[in-house]
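S.K.: Modelling step: build the complete structure from the supplied sequences, incorporating the hints.
Protein chains: 6
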Amino acid sequence: MRILVANVNTTQSMTDSIVEQARAAAAPGTEIVGLTPRFGAESCEGNFESYLAAIAVMDAVQSYPGPFDAVVQAGYGEHGREGLQELLDVPVVDITEAAASTALFLGHKYSVVTTLDRAVPLIEDRLKLAGLDARCASVRASGLAVLELEEEPERAVEAIVQQSELAVTQDKAEVIVLGCGGMAGLNDQVRERTGVPVVDGVAAAVTIAESLVRLGLSTSKVRTYAAPRPKKVIGWPVPAAD
Amino acid sequence: MRILVANVNTTQSMTDSIVEQARAAAAPGTEIVGLTPRFGAESCEGNFESYLAAIAVMDAVQSYPGPFDAVVQAGYGEHGREGLQELLDVPVVDITEAAASTALFLGHKYSVVTTLDRAVPLIEDRLKLAGLDARCASVRASGLAVLELEEEPERAVEAIVQQSELAVTQDKAEVIVLGCGGMAGLNDQVRERTGVPVVDGVAAAVTIAESLVRLGLSTSKVRTYAAPRPKKVIGWPVPAAD
Amino acid sequence: MRILVANVNTTQSMTDSIVEQARAAAAPGTEIVGLTPRFGAESCEGNFESYLAAIAVMDAVQSYPGPFDAVVQAGYGEHGREGLQELLDVPVVDITEAAASTALFLGHKYSVVTTLDRAVPLIEDRLKLAGLDARCASVRASGLAVLELEEEPERAVEAIVQQSELAVTQDKAEVIVLGCGGMAGLNDQVRERTGVPVVDGVAAAVTIAESLVRLGLSTSKVRTYAAPRPKKVIGWPVPAAD
Amino acid sequence: MRILVANVNTTQSMTDSIVEQARAAAAPGTEIVGLTPRFGAESCEGNFESYLAAIAVMDAVQSYPGPFDAVVQAGYGEHGREGLQELLDVPVVDITEAAASTALFLGHKYSVVTTLDRAVPLIEDRLKLAGLDARCASVRASGLAVLELEEEPERAVEAIVQQSELAVTQDKAEVIVLGCGGMAGLNDQVRERTGVPVVDGVAAAVTIAESLVRLGLSTSKVRTYAAPRPKKVIGWPVPAAD
Amino acid sequence: MRILVANVNTTQSMTDSIVEQARAAAAPGTEIVGLTPRFGAESCEGNFESYLAAIAVMDAVQSYPGPFDAVVQAGYGEHGREGLQELLDVPVVDITEAAASTALFLGHKYSVVTTLDRAVPLIEDRLKLAGLDARCASVRASGLAVLELEEEPERAVEAIVQQSELAVTQDKAEVIVLGCGGMAGLNDQVRERTGVPVVDGVAAAVTIAESLVRLGLSTSKVRTYAAPRPKKVIGWPVPAAD
Amino acid sequence: MRILVANVNTTQSMTDSIVEQARAAAAPGTEIVGLTPRFGAESCEGNFESYLAAIAVMDAVQSYPGPFDAVVQAGYGEHGREGLQELLDVPVVDITEAAASTALFLGHKYSVVTTLDRAVPLIEDRLKLAGLDARCASVRASGLAVLELEEEPERAVEAIVQQSELAVTQDKAEVIVLGCGGMAGLNDQVRERTGVPVVDGVAAAVTIAESLVRLGLSTSKVRTYAAPRPKKVIGWPVPAAD
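As given, the protein sequences belong to chains A, B, C, D, E and F, one line each in that order.
Count the first sequence with the working numbering and you get residues 1 to 242, in order.
Count the second sequence with the working numbering and you get residues 1 to 242, in order.
Count the third sequence with the working numbering and you get residues 1 to 242, in order.
Count the fourth sequence with the working numbering and you get residues 1 to 242, in order.
Count the fifth sequence with the working numbering and you get residues 1 to 242, in order.
Count the sixth sequence with the working numbering and you get residues 1 to 242, in order.
It is worth saying that the hints were derived from the structure and are not from the lab.
Any given hint could be a false lead.
Any copy, or any two copies together, can satisfy a pair, since identical chains are not distinguished.
[Said to hold, decoys possible] The list that follows gives simulated cross-link-like pairs (lysine-lysine, DSSO-like), each with its CA atoms no further than 30 Å apart: (1) Lys-231 - Lys-221; (2) Lys-172 - Lys-231; (3) Lys-172 - Lys-221; (4) Lys-172 - Lys-128; (5) Lys-221 - Lys-128.
None of the values given here were measured: they were computed from a predicted structure.
M.R.: Here it is as C-alpha cells:
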C-alpha cells in the first residue's frame with residue numbers, strides 16, 4: 001500500500017520530519033511517500049497561505065507520477081481536503097480531523113495545542129465544519145511560529161507542555177492533540193510531562209488511511225465530493241514560475 | 001467610493017451581469033469595478049473549482065492597479081473571503097454572508113435556492129462557519145448548472161420559483177436568498193411569484209460594503225485576519241500561463 | 001428617505017444623542033426623526049422596563065403623523081422589534097441585531113460591552129433569538145447604569161475600555177459592539193484605546209435601514225410578521241395619563 | 001395557598017375555562033384566582049398582541065388587592081414572564097415552559113400542537129430561550145384561531161388530533177403538549193385518540209407553582225430578575241381608558 | 001399515593017437521609033418508601049459503579065412486593081432511568097433531571113455543585129441527554145467523596161458553599177443545584193450563605209412525581225420506553241450472592 | 001495483538017458472525033477473540049436489555065483469563081463503553097462510535113440504518129454523547145428485529161437497502177452505517193445496491209483498536225475514566241445463576 005503524505009508548506013525539512021513520523025506509525029508493507037508542494041509559503045500560518053497550500057497540495061498530488069492508495073494532507077487546520085476528495089478516488093485523510101477523531105476514543109474531552117494564536121480560529125473552524133468540535137475543550141496557542149518548532153526544539157517543548165498542562169487543569173482536557181504537522185515527534189515528551197495521551201495527527205492519519213484502504217472504503221461520490229464536472233478551466237495545472 | 005466586485009469564475013458575461021446588478025444597488029457616487037479572474041473555472045460548482053477561485057480572486061484583487069475602498073466577493077458559497085481579509089485593509093464582503101445577514105432583517109427564517117445539488121453542502125458549510133445558519137430553513141437546489149442560468153433564463157426562473165415555493169410552504173421560509181452570483185436579476189420575478197422578499201447577494205453585499213466604508217469600519221487586524229507574516233512564498237503572484 | 005429612530009426610554013437628552021449619532025451615519029438625503037416614547041422608564045435596565053418600552057415604542061411609531069420609510073428601534077437588548085414588524089409595512093431594524101450583524105463582517109468573533117450586569121442575560125437572549133450569537137465571544141458589563149453614561153462620560157469611557165480590553169485579550173473578541181443606545185459617540189475613543197473596530201448599533205442600524213429601503217426590501221408578511229388579525233383590542237392606543 | 005392564574009387575553013369565558021382546568025389540577029387547599037387583563041386583545045395570536053398582553057398581565061397582577069403565593073401566566077408562547085419575575089417575590093410559572101418541562105419526564109421527544117401557523121415561531125422562540133427545545137420534535141398548527149376553539153369544539157378536537165397523530169408518526173413525538181391556554185380540557189380526548197400522554201400547560205403550571213411554594217423556592221434575585229431599580233416611570237400603572 | 005425512592009448505592013444511612021428529605025418535601029398523604037439496592041457499590045462515583053447501580057435499582061424496584069404510584073431514582077448523574085421507564089407503567093423521575101427542570105423556573109442560569117471532579121462529566125452528559133443543559137452555567141466539584149459528605153458535614157458545607165459562590169460570581173449562575181443524593185439537607189445552609197435559591201434533587205423529584213400522578217400522566221409507551229419485547233433473558237432477576 | 005470482541009447479547013451465533021466480520025477486517029497478526037456474555041438478553045433492543053448488557057460485557061471482559069490488547073464492544077447503540085474504560089488500561093472501542101467516526105472520512109453526511117424503530121433514540125443519544133451527531137443525516141429503522149436479521153437474511157437486505165436508499169435520496173446521506181452488530185456481512189450488498197460507501201461498525205472498530213494499540217495510545221486516566229476508587233462493592237462479580 002502506498003500513501004502519499006503531503007506537506008502543506010514548501011519547507012523540505014518539515015516534509016522529512018512528517019514522513020519520518022508517518023513511517024513510524026505505518027504498518028509493515030505500507031510505503032510512505034512525502035510530497036512537498038512546488039509553490040506556496042514556507043510555513044502556513046493564516047488563510048492566504050492556507051488557501052494557496054490547498055491548491056499547491058492538489059497540484060502536488062495530481063503531479064505524482066505513480067499509483068497510490070490514499071493521501072494524507074499533513075497540515076493542521078488547513079484548507080483543501082474537500083478539493084482533494086473531488087479529484088481523487090482514493091481516501092483522503094486530513095490530519096486535523098484524524099487527530100480529533102482519534103482523541104475521541106481516548107478521553108471525554110480533548111484540547112489542541114498549536115503554534116500561533118492566529119491559527120486558533122482556523123483550527124476551530126475546521127473542527128466545527130468536520131463536526132468534531134463538540135468534545136473539544138479548547139484550542140490553545142504555544143506562541144511559537146511553525147518554523148521556530150524546528151529551530152528551537154527545547155523552547156518548543158516547554159511552551160507546548162505549558163499549554164497542555166493548562167488544557168488539562170483548566171479546560172478539563174483528558175487528551176492533547178498536537179496541532180501542527182511540525183510538532184511530529186514531540187508527543188512522547190508531552191505525554192510524559194502531562195500524564196495524558198498525546199495524539200499526533202500525522203500518525204493518526206496514516207493509520208486511518210491504512211484502515212480505509214484495507215476495508216475497501218473510499219470517498220462517496222454521490223454528491224459533495226463527486227468529480228468536478230467537465231468544463232473549461234484556465235491555469236490548471238498551475239504554470240511553473242520562471 | 002470605488003468597490004471592486006470580483007466574479008469567482010472566468011466567464012466575462014457573468015461578470016457583466018454581476019456588475020450590472022451591483023450598479024443597480026449602489027448609491028450615487030459609488031463606482032463599481034468588475035473583476036474577472038485570469039485563471040480558474042468557467043463556473044464554480046464544487047470544492048476544487050472553489051479553492052482555485054479563492055486564489056484567483058486574491059490574484060485579481062491584488063493585481064488591480066488603482067486604489068479601492070472595498071471588495072465584494074461575488075461567488076455564492078465559495079472559499080476565499082478570509083484570505084482577502086488578511087491581504088487587504090479595506091472591508092471585504094462575501095455575497096453568501098451578505099445575503100444571509102440581510103435576510104435576517106426581513107423574516108423569521110430564510111431559505112437559499114441555488115444551482116446544483118452538489119453546491120448545497122458547500123453553502124451549508126459557509127453559513128455554518130459564518131454563524132448565520134441558525135435561521136436558515138433550508139438550502140435547496142434548482143438542478144440547473146451555473147451556466148444554464150444564462151443560457152436558459154426561462155427554465156431557470158421556473159426551477160427557482162418552484163424550489164422557492166417549496167421553501168416557503170414546506171420549510172417555512174419567509175425570505176428567499178438567490179444562492180448564485182449568476183442569478184442576479186431574477187429577484188423581481190421570484191418575488192412576484194412567491195410573495196416573499198427575495199434577497200440578491202450582490203446587491204446586499206454592495207450596500208453593506210458601502211455602509212462599512214461610510215462608517216469607517218474595516219477588518220479587525222488583531223488576530224485572525226492580521227496581514228500574513230513576512231516569509232518566503234514561492235509562486236505568488238501566480239505565474240501567467242504561456 | 002425618512003427614518004424614524006425610536007428611543008426606548010423617556011429621556012429626551014438620550015434621544016438627542018441617538019439622533020445625533022444616526023445623522024452622522026446617514027447618507028445625504030436621509031432624514032432622521034427622533035422619537036421619544038410618551039410613557040415608560042427614564043432608562044431601560046430590565047425586563048419590566050423593556051416590555052413597557054416595547055409597547056411605548058409601538059405607540060410612538062403609530063402616533064407619528066407623517067409618512068416614513070423605515071424604523072430603527074434604538075434600545076440595545078430590548079423587547080419589541082417583532083411587534084413593530086407586524087404593525088408596519090416598512091423595514092424595522094433593531095440596533096442589537098444591526099450591530100451584531102455588522103460586526104460579523106469585521107472579525108472572527110465580537111463582544112458586546114453593555115451597562116449593568118443585569119442587562120447581560122437580556123442581550124444574550126436577544127442575540128440567541130436573532131441567531132447572531134454563534135460568533136459572540138462574550139457580553140460584558142461595564143457596571144455603569146444607562147444614565148451614568150451621560151452624567152459621567154469620562155468614567156464611562158474608562159469602564160467601557162477596560163471591559164473591551166478584557167474582551168479582546170481574554171475572550172478573543174476581534175470587534176467590540178457598544179451595547180447601549182446611550183453609548184453612541186464613544187466608539188472613536190474605544191477604538192483608539194483597544195485597536196479593534198468598534199460598532200455602534202445606531203449607526204449600523206441606520207445604514208441597514210437605508211440599504212433595505214434602497215433595495216426595495218421589507219418585512220415578509222407571509223407568516224410570523226403578518227399584520228395582526230382584525231379583532232377587538234381594548235386599551236390601544238394606550239390612553240394618555242391625566 | 002393562593003395562586004393567581006392570569007389569562008393573557010380579555011375574553012372572560014377563556015379565563016373561566018383556564019380557571020376550571022387549574023382547579024382540577026390543584027391540590028386540596030390551593031385557591032385558584034383567575035385574572036382577566038383589563039386591556040389587550042380578545043385573543044393573542046402574534047407579537048403585537050403578545051407584547052400588549054405582557055404589560056396587561058403585569059398590570060393585572062400588580063392590581064390584585066390581596067396576598068398570593070404564586071402566579072401562573074396562562075398564555076401559550078407569550079411574552080412577559082421575565083417582567084413578572086422582576087416585579088414579584090413569589091414564583092412565576094409560564095405555561096409554555098411548564099408544559100415542556102413536564103413533557104420531558106414522559107417521553108423521549110414531545111411535540112406542541114397550537115392554533116394558527118403564525119403562532120408557531122413565537123412558541124419555537126419561547127422554547128429556545130427557555131432552553132427546553134432540544135427534545136421538542138415539532139411545533140404544529142391546527143389552523144384554528146384561538147376563539148374558534150371555544151366556538152367549534154368538535155372541529156377543534158379533530159384538527160388537534162390530526163396534527164397530534166402526525167407529530168407522533170412523522171415527527172416521532174412521544175408526548176403531545178396542547179399549545180394554547182384555550183385548549184384546556186381537550187387533553188383526555190387527544191390522549192384517547194393518539195395513545196400518547198397529553199400535557200396541558202395550565203395543569204402542569206399549577207402543580208409546579210404549588211411545588212415551588214411548598215419547597216420554599218422562588219425566583220433568584222441576584223441578577224436577571226432583580227427588582228427594577230428605583231427610577232422615574234411614566235404611565236405605570238397604565239391609565240384606565242375613559 | 002406511594003412513591004418509591006431508590007437510593008443508587010448500598011449505604012443504608014444514605015437511603016435514610018434521602019428518605020428524610022423526600023418526606024419533608026412530600027405532600028400530606030404521600031407515602032415515601034426508601035429502597036436500598038441489595039448489590040452495587042457503597043457509593044457511586046463513576047461509570048462502572050453507576051451502570052451496576054442502574055441494574056441494582058431496577059432489581060430493587062421490581063422486587064418491591066406492593067403496589068406503588070411512582071419511582072424516584074435518587075442518584076445524581078447516574079445511569080438507569082430509561083430502563084426503569086421501560087419496565088414500569090408508573091412515572092419515573094430522576095433527581096438529576098428533576099433538579100435541573102426545577103432550577104429553570106428560578107433563574108436565568110443554574111449551576112450544579114457535586115462531589116468529586118470525576119463525576120462532573122457524567123452529570124454533564126446526563127444533562128445533555130436530558131436536553132436540560134442549555135441554561136446550565138457550570139457543573140462544579142467540591143472535591144469531597146460521596147461518603148465524606150456524611151462523615152464530615154461541616155467540611156462538606158464549606159466546600160459546597162465555596163464552589164456555589166464561584167458558580168454565582170464567575171459562572172453567573174442564579175440558582176444552585178446540589179448534585180448528589182447525599183447532599184440532601186444542606187440546602188438551607190447553602191442558600192443562606194450564597195443568597196440564591198438552592199434546589200435539592202430529591203425534594204424536586206418527589207413533588208414532580210406527585211404532580212404527574214395527580215395529573216394522571218405517565219411514561220409514553222409508544223416508542224422509546226415501550227415494555228421490553230418478550231424474549232429469553234438469562235440472569236434476570238440477578239441471582240443473590242451466596 | 002489480541003483484541004477481545006464482545007457481543008452484547010447471549011446469542012452465540014451472533015457472536016460467531018461478529019467474530020467472522022472482525023477477522024475479515026483485522027490485520028495479519030491480530031488475534032480476534034469473541035466473547036459472549038454469560039447473562040443478559042438474547043438480543044438488545046431497548047434500555048433495560050442494554051443496561052444489563054453493559055454489566056454483562058464488563059463481567060465477560062473481566063472474566064477473560066488471558067492478556068489482551070484492546071476491547072471492541074460490538075453492540076450498536078448500547079450502554080457500557082464508559083464502564084469498560086474505567087476498568088481497563090487497554091483501549092476500548094465501541095462500534096457505534098467507530099462506525100460514525102469512520103463515516104466522517106467518507107462523505108459530508110452519513111445515515112445509520114438499524115433494526116427496530118425503538119432503537120433509534122438510543123442510537124441518537126449515543127451519537128450525541130459521543131459528539132459524533134453533527135454530520136449524522138438520520139437514523140432509520142428497517143423494522144426488523146435483531147434476530148430476524150439472521151433468520152431472514154433476504155428480507156433483511158431488502159429492508160436495509162430500502163431505508164438506505166431513502167437516507168441517500170431524502171436525507172442526503174453520502175455514507176451508510178449499518179447500525180447493528182448483527183448486520184455484519186451485509187455491507188457489500190448494501191453498497192452495490194445504493195452506490196455509497198457502507199461502514200460496518202465491527203470492522204471499523206477492529207481497525208481503530210489496532211491503530212490505537214500500534215500507536216501506543218490508550219484511555220486517559222486523569223479524570224472521567226480513572227479506575228474505580230477502592231470501595232466496598234456487593235455482588236460483583238455477578239454471581240452465577242444456579
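S.K.: A separate judgement is required for each hint: does it hold in the structure or not?
M.R.: Here is how each hint holds up against the structure:
Within a single copy, Lys-231 and Lys-221 get their C-alpha atoms as close as 18 Å, which meets the 30 Å cut-off; across copies the closest is 38 Å, which misses it. Taking identical chains as interchangeable, the C-alpha atoms of Lys-172 and Lys-231 lie at most 30 Å apart only when they sit on different chains, with a minimum of 25 Å there against 50 Å within one chain. Proximity of Lys-172 and Lys-221 under a CA criterion of 30 Å is satisfied inter-copy only: 12 Å between copies versus 39 Å inside one chain copy. For the homomeric pair Lys-172 and Lys-128, the shortest alpha-carbon distances inside one copy (19 Å) and between copies (17 Å) are both at most 30 Å.
For the identical chains of this complex, Lys-221 and Lys-128 are neighbours both inside a copy (23 Å) and across copies (23 Å), given an alpha-carbon limit of 30 Å.
Taken one by one, the earlier hints all hold for this structure without exception.
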